[in-house]
Amino acid sequence: MIDKKEVQHIANLARLYLEQKEIEKMEKELSLILDYFNLLKDVDVEDVKASFGSINTQGNLSIKEATREDSVIKGDNTKEILELIPEKENGFVKVKSIFNK
Amino acid sequence: MELLNLTIKQLHKKLLDKEISAVELTKVFLSQIDKIDKNINAFLNVSKDSAILQAKEIDEKISQKQEISILAGIPMALKDNILVKGEKCTAGSKILEDYIAPYDATCVKKLKKAGAVFLGKTNLDEFAMGSSTENSAFKITHNPQDLSCVPGGSSGGSAASVKANECVFALGSDTGGSIRQPASLCGVVGLKPTYGAVSRYGLIAFASSLDQIGPLTKNVEDAKIVFDFIKGQDKKDSTSVELNSKKSNFNLKNIKIGLPKEYFQEGINPGVEKMIKDFIRKIQGKGLNIEEISLPHTKYAIPCYFLISACEASANLSRYDGIKYGKSNIKEKELDILDTYLKTRGQGFGKEVKRRIMLGTYALSSGYYDAYYLRAQKVRTLIKQDFENAFKKVDMILTPTSPFTAFKIGEKVEDALSMYLADAFTVSANLAGLPALSMPCGEIENLPVGLQIISNNFTENDIFEMGSFLEKIIANN
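Residue numbers (the numbering used here), protein chains in the order written: chain A, 1 to 101; chain B, 1 to 477.
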């Protein structure tokens, strides 16, 4: 159902480094699971709208649009958040260069 | 010591009557953790000093005759995917091993305000993905009822800690059964509230259209008490709503209960089936109206749930990139930006989390989106409609919580698919957003069996009424 090449492609999309052993195992396991998921192909979904959430289909529980004013508020945990950043300089998050030199 | 078995109300009375101080009570639970957690492994972290400090504050309030809430001085635990400012929060993952939460989750803020005493953080499957707590990167939690068995999951540490009297109550999170299934396997009460009833601000996200926070407790009354403290709208979770806490018009004589025939078919352990059916017969004898109903799309719930949750997880977990927080390989000079992502995530995530990220990425990738993700969301609509149709006929639905009792540690861990089937009876309530509670119904060979009550949106109060009624019948069994 899914071969090693495809597993490697998906792993790249997901930004996951997988060892060769993991790729082999993933190939077997994902194939088994996806095969089971094919059960969904038995369902007639013509004219059925997709849900995308758990509010009920008649809409009487629809969650109201939740917007707020776009205004600056003072955070009280800047220091704690900065402390969590693995690489930083002068209060900035430091990343690797994204252009080839 | 008998204090360990008491409920919130009973302990509150003892605190008010000054039979015991909050500090003494906290110490009783801390010493219970000291004594038995080496066998159970429910806790990842115990915050002794801060717990005693919190209890001291409550004692001062009591001595000054200030009014205190019913949760004041009550020792409790939190699943380690719920943030407490200044405390580690690992989500059971290596990638967050050293992560210190920079703020309080909204439910934690509410419990702190109520004066509940926070004892520590409990073990879970990594990022709440699992049904046995064996996917934790740190330890294996044992079922207090039988140490050779799993406690269920993913809130296995929370369920085990309540069962082992290491705390009075705990919070968990439930994406596909992660509160109710461990509650069932350990023999405690667990509630998954209606989607939107409890703010998820400060809960480490797994699958956002499904995740809910809820209580694990010793009885139904405690579940109601805790739920009433943590529920309500929060500006910081746009999906949360204010509950119009209308009194339940609950009248046993008028209540109609549905038994979905699909929940008593293939896959269920015969002992569990018999126990639930015998119990149903018993309550029928007490004059309750019970009828068989059908939820025809039940057998599609597991693939539907695992597809949708994996897709959402693959997006939610993209935040662990080694740049903002968490474990990171960014300091390795020879790595470029792509390798930093690949290595950080490849080393930081465990195998089940990787599997779900892969599944989700695959199902969302070009060429497969319609066949998997979109189709699953359509099937989800049909599953919801099953419940809407059922609730035209009945007020509540009773089912077993889990198809089987607690299984042996190691039994299913190498077989992902059979582990997924452990959630067969719980995932539908998440897909449909419905509130559902699991409560202990009896035991088979010393292992607890859970009964699940599913009800309509925002009718938690009806669930509590029914649960308390059934609890009395079970106690007299």
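Hints may contain errors.
[Unchecked claim] Here are a few chain A residues that sit away from chain B, every Cβ distance over 10 Å (derived from the structure): (1) D3; (2) K4; (3) E6; (4) Q20; (5) S71; (6) N90; (7) K94.
[Unchecked claim] Derived DSSO-like pairs: lysine-lysine, alpha-carbon spacing no greater than 30 Å straight-line: (8) A:K74 with B:K85; (9) B:K327 with A:K74; (10) B:K378 with A:K21; (11) B:K378 with A:K49; (12) B:K113 with A:K79; (13) A:K28 with B:K139; (14) A:K5 with B:K94; (15) B:K331 with A:K88; (16) B:K412 with A:K4.
[Claimed, not checked] A few chain B residues that face chain A, going by a derived Cβ cut-off under 7 Å, partial list only: (17) I330; (18) K333; (19) V379; (20) T381.
These aren't lab readings, by the way, just hints derived from the structure by calculation. For every residue, glycine included, the Cβ atom is placed at its ideal position computed from N, Cα and C.
ask   = Keeping to a limit of 30 Å between CA atoms, is the pair of K327 (chain B) and K74 (chain A) held or broken?
value = Judged against 30 Å, a Cα distance of about 28 Å means the pair holds.
key: Interface hint status, T381 (chain B) versus chain A (Cβ within 7 Å)   = holds, 5 Å
inquiry  = Does V379 (chain B) hold up as a contact with chain A if the rule is Cβ-Cβ below 7 Å?
reply    = Check passed: Cβ of V379 (chain B) comes within 5 Å of chain A, closer than 7 Å.
query = Keeping to a limit of 30 Å between CA atoms, is the pair of K5 (chain A) and K94 (chain B) held or broken?
reply = holds, 28 Å
ask   = Hey, K331 (chain B) versus K88 (chain A), does the alpha-carbon distance stay inside 30 Å?
value = Satisfied, since the Cα-Cα distance of roughly 11 Å is no more than 30 Å.
inquiry  = Would the hint linking K74 (chain A) and K85 (chain B) be met if the CA-CA limit is 30 Å?
reply    = Roughly 18 Å separates the two Cα atoms, so the pair holds.
task = Mind checking the alpha carbons of K28 (chain A) and K139 (chain B) for me, to see if they're no more than 30 Å apart?
result = holds, 27 Å
inquiry  = Hinted pair, alpha-carbon criterion (30 Å max): K378 (chain B), K49 (chain A). Please report holds or violated.
reply    = Roughly 6 Å separates the two Cα atoms, so the pair holds.
inquiry  = Take the shortest C-beta to C-beta distance between I330 (chain B) and chain A; is it under 7 Å?
reply    = holds, 5 Å
inquiry  = A cut-off of 10 Å on Cβ-Cβ distance, and Q20 (chain A) was said to be off the interface with chain B. Does that hold?
reply    = holds, 12 Å
query = Beyond 10 Å from every Cβ of chain B: is that where the Cβ of K4 (chain A) lies?
reply = holds, 13 Å
inquiry  = Over 10 Å from every CB of chain B: does D3 (chain A) meet that, or does the non-interface label fail?
reply    = holds, 12 Å
In summary, the numbered hints that this structure violates are 3, 7, 10, 18.
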